[in-house]
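Build the full structure now, drawing on both the sequences and the hints.
Top to bottom, those sequences are chains H, B and C. Mind the numbering: the first sequence is residues 1 to 93 in this note's numbering, read in order. Mind the numbering: the second sequence is residues 1 to 108 in this note's numbering, read in order. Mind the numbering: the third sequence is residues 1 to 526 in this note's numbering, read in order.
Derived from the structure by calculation, the hints contain no laboratory data. Honestly, I wouldn't trust all of these hints.
[As the list claims (entries may be wrong)] In silico BS3-like cross-links for lysine-lysine, where the CA-CA straight-line distance does not exceed 30 Å:
hint, chain 1, residue 1, chain 2, residue 2
1, C, 268, H, 54
2, C, 149, B, 16
3, H, 54, C, 97
4, H, 54, C, 90
5, C, 498, C, 410
6, H, 7, C, 97
7, C, 497, B, 16
[Unchecked claim] Here are the in silico distance ranges between beta carbons for each label pair:
hint, chain 1, residue 1, chain 2, residue 2, range
8, C, 236, B, 32, 19 to 27 Å
9, C, 76, H, 27, 41 to 49 Å
10, B, 28, H, 23, 19 to 27 Å
Bear in mind the structure is a predicted one, so any value in this text is a computation, not a measurement. Every residue, glycine too, gets a C-beta built ideally from N, C-alpha and C.
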Amino acid sequence: MTETNKKEVIICRCEDVSEVEIKQAIEEGFTTINAIKKRLRTGMGLCQGRTCQKLVARIIAQETGKSMEEILLPTTRPPVRPIIMGAFEGEDQ
Amino acid sequence: MNILDHPILGEVEAAKRKVTLFVNGRSIEAYEGQPIAAALMAVGIKSFRQTARKQQDRGIFCGIGRCTDCMMTVNGEPNVRTCVTSVAEGMVVETQIGLGSWREIPHE
Amino acid sequence: MNKVELAVIGAGPAGLAAAIEAAQLGVKVVVFDENAQPGGQLFKQIHKFFGSREHRAGTRGFRIGQELLAQTEELGVKVNLGSTVFGLDKRNLWVLKEGKTEVYQADAVIVAAGASENALAFPGSTLPGVMTAGAAQTFINLHRVLPGKKVLMVGSGNVGLIVSYQLMQAGAEVVGLVEAAPSIGGYGVHAAKIKRAGVPLFLGHTIAEAIGEHQVESAVLTKLNESFQPIPGSEITLEVDTICIAVGLTPMMELARMAGAELKYVPKLGGHVPVNNDNMETSITGMFVAGDVCGVEEASSAMEEGRLAGVTAAEYLKHIAGKAAADRKALIREQLSAIRNGTFGNKEHLKDKVKEENTLGLRFSGTPSKDELDSCPGVPSEGRLAKGPVAVIECVQEIPCNPCEQVCPKGAIKVGKPITSLPQLTENACNGCASCVTACPGLAIVTVDRTYDENKALVTFPYEYLPLPETGATVHAVNRQGERICYGQVVKVRNNKKADGTVAISLAVPEEYAMEVRSMAKGGTK
Ligand SMILES: Cc1cc2nc3c(=O)[nH]c(=O)nc-3n(C[C@H](O)[C@H](O)[C@H](O)COP(=O)(O)OP(=O)(O)OC[C@H]3O[C@@H](n4cnc5c(N)ncnc54)[C@H](O)[C@@H]3O)c2cc1C
Ligand code: SF4
Ligand code: SF4
Ligand code: FES
Ligand code: FES
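As structure tokens, then:
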């Protein structure tokens with residue numbers, strides 16, 4: 001690991017996305033959880049964003065002045081838990 | 001380190017069965033019913049996988065199956081959450097690089 | 001398609017209490033939990049809970065879990081484990097079990113999914129060895145493995161305090177507890193326990209960095225100024241192998257949201273929570289909530305909310321009606337508001353009764369100040385102390401708790417109503433029997449006998465670590481700050497089964513230290 005890597009703050013543990021990358025994206029105009037997700041894959045890891053969502057929201061709040069309340073209400077899409085893909089096309093649906 | 005005696009929970013039953021698993025080739029003992037992650041922790045193994053983008057070490061984070069940071073390749077199957085998967089006799093556990101890949105494991 | 005009358009999502013204290021209540025009223029209940037083990041948070045909680053007898057106060061969390069489970073079994077409630085509910089609309093549940101999806105149709109649903117732990121990001125926060133406090137707790141108390149030998153705890157809420165204590169019980173050393181705020185977030189009695197064990201509290205500090213090549217080798221702390229900005233040059237490096245994060249919980253309201261329940265953002269409750277009324281009804285007819293999912297609180301209130309939701313669901317399903325239902329709910333509500341009355345009552349009573357200008361007290365140091373002790377109704381007078389063994393109740397914070405009152409055979413302790421009142425000692429009724437010493441879940445009571453010997457006093461305190469000292473041994477006696485202030489001789493070690501692991505140790509110490517000695521150093525034989 002290089003020195004710069006060590007100092008880096010990882011926000012999305014699943015997709016290895018850092019605070020700096022998120023701040024850059026916000027500067028580029030990606031200012032919602034979903035926009036950042038599309039840009040950087042934050043929240044698209046196997047944990048489905050459970051671990052990083054609030055952290056991403058806090059950075060957006062800091063950088064844009066928007067309230068956490070406003071930022072944190074994206075539409076949830078199932079599944080709510082890391083589950084093996086394919087299960088969703090379950091027999092009963 | 002296994003906690004063999006505890007002021008509130010008492011001693012671990014002496015009769016508790018042990019199983020052997022293979023971690024990156026090294027054989028370790030674990031108590032039956034223990035999650036893989038606990039067995040590794042007991043012998044001091046902390047790094048479970050390496051991330052795809054930045055090759056960083058990861059290990060236990062949430063401990064209850066939610067964060068997926070503890071995923072390893074188990075019996076050739078990648079992305080197994082070791083904190084909620086119990087050990088079994090002869091299990092083959094490997095450090096996972098990135099998202100891992102399916103692989104045949106030579107059986108003893 | 002499987003049909004059920006009432007589906008309960010989550011087998012934690014809230015879900016199980018709801019299932020029991022509804023089943024008692026004749027409802028056919030099915031419970032789902034994604035864990036392999038039921039009980040939610042309860043099974044990793046090995047400390048004694050606060051509350052009153054009705055809340056099973058003084059009982060260890062995991063035993064409460066066992067009791068709840070036994071009750072569900074008796075009532076024939078079906079508990080589906082390893083079953084993740086991953087989809088919910090008004091009536092249908094999509095459940096994943098062993099890789100297969102099952103769909104259930106329920107006449108009513110109670111969502112009791114609990115809360116999940118917040119993460120914290122800092123340089124090095126992804127290094128192996130950094131984990132949530134709940135993870136550490138799961139490993140030490142359920143899987144019985146120590147995650148590390150030297151631990152730094154981040155966060156001074158009840159979770160941070162309790163897990164620190166439990167890590168020490170499991171054999172780890174807690175080298176520090178960091179808290180960004182200038183005061184301790186959790187109950188003072190929990191803080192006092194770890195303070196007595198000598199854990200340094202770094203209030204007004206935060207973690208700046210975790211350092212290590214492949215795993216944590218050390219942690220850097222930094223002091224914060226009034227606007228919570230790091231003060232350059234204030235860094236402290238601690239050698240640790242484990243860093244535990246205890247910075248709050250977020251309600252898991254995803255299922256309720258997916259079903260279309262109206263949500264509200266309440267920071268004090270941990271984030272967005274499903275809007276509910278005092279019957280635990282959500283905006284969706286036939287859907288109810290209970291426990292941490294609708295606001296992070298405690299097991300005792302989670303159980304009461306569960307019971308309330310259980311009754312409401314039973315009423316909705318026409319198993320109980322009219323006055324009978326109203327009376328039952330009123331009773332539960334009364335209990336709920338009793339728990340919520342104190343300094344920490346969360347959902348409705350957010351007032352903080354502690355004087356903030358007093359920066360010396362329990363909330364700022366982990367030890368009660370002289371002022372707090374002097375004005376504490378549980379501390380006996382000099383005159384009474386001179387006469388012989390007597391209880392010294394150093395419980396100075398209004399918390400919902402009264403096992404001391406209930407256990408005293410002499411009726412010498414009064415908490416009364418509300419249950420958050422400070423315990424009051426009737427000093428002349430107390431004979432120093434020490435029953436209250438091991439019954440207090442806060443470990444806040446000792447007995448002191450100043451007449452023990454010509455120049456020795458006898459201090460009897462609760463102790464929950466291994467190894468236990470031998471009678472006759474000389475040990476390091478410690479004060480409220482965990483400092484070794486003198487030697488003490490172990491006169492008695494009482495390990496009463498009823499005290500469930502809390503041992504009463506009597507130390508003979510020099511008379512002048514009678515009101516200072518409050519414990520002994522862990523494994524601290526001379
Ligand atoms: C370290 C610590 C110490 C504490 N100390 C105390 C104390 O001293 N006194 C006290 O009163 N309280 C204490 N509490 C708080 C108490 O444990 C919680 O408030 C309580 O457990 C909340 O109960 P619950 O039933 O709402 O949630 P939980 O206990 O979290 O249970 C929720 C259950 O739902 C399951 N679940 C969630 N989502 C799904 C899904 N989609 N499908 C299937 N199942 C699902 C989970 O697996 C879990 O088992 C403590 C908590 C912690 C973490
Ligand atoms: S020492 Fe005994 S008599 Fe005195 S208050 Fe405690 S329980 Fe009651
Ligand atoms: S002294 Fe009484 S009220 Fe205070 S923590 Fe102990 S048992 Fe509870
Ligand atoms: S931490 Fe971001 S998706 Fe898992
Ligand atoms: S440690 Fe989070 S899933 Fe295993």
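For a C-alpha distance cap of 30 Å, please report whether residue 497 (chain C) and residue 16 (chain B) respect it.
25 Å, holds
Is the Cα-Cα distance between residue 149 (chain C) and residue 16 (chain B) 30 Å or less?
24 Å, holds
Next pair to validate is residue 7 (chain H) with residue 97 (chain C); report whether the Cα-Cα distance is within 30 Å.
41 Å, violated
The hint says 41 to 49 Å between residue 76 (chain C) and residue 27 (chain H); measuring C-beta to C-beta, is that right?
59 Å, violated
Does residue 54 (chain H) sit within 30 Å of residue 268 (chain C), going by the straight-line distance between their CA atoms?
Given that 30 Å is the threshold and the Cα spacing comes to 15 Å, the pair holds.
Take a quick look at whether residue 54 (chain H) and residue 97 (chain C) sit within 30 Å of each other, Cα to Cα.
With Cα atoms ~28 Å apart, residue 54 (chain H) and residue 97 (chain C) stay inside 30 Å; holds.
Assess, step by step, whether the Cα of residue 498 (chain C) is no farther than 30 Å from the Cα of residue 410 (chain C), and give holds or violated.
With Cα atoms ~18 Å apart, residue 498 (chain C) and residue 410 (chain C) stay inside 30 Å; holds.
Quick one, are residue 54 (chain H) and residue 90 (chain C) close enough, alpha carbons at most 30 Å?
OK: residue 54 (chain H) and residue 90 (chain C) at ~27 Å, within 30 Å.
CB-CB spacing for residue 32 (chain B) and residue 236 (chain C) relative to the 19 to 27 Å hint
Between residue 236 (chain C) and residue 32 (chain B), where Cβ atoms are some 43 Å apart, the hint is violated.
Looking only at beta-carbon atoms, does the pair residue 28 (chain B), residue 23 (chain H) fall within the given range of 19 to 27 Å?
43 Å, violated
Going down the numbered hints, you'll see the structure goes against 6, 8, 9 and 10, while the others check out.
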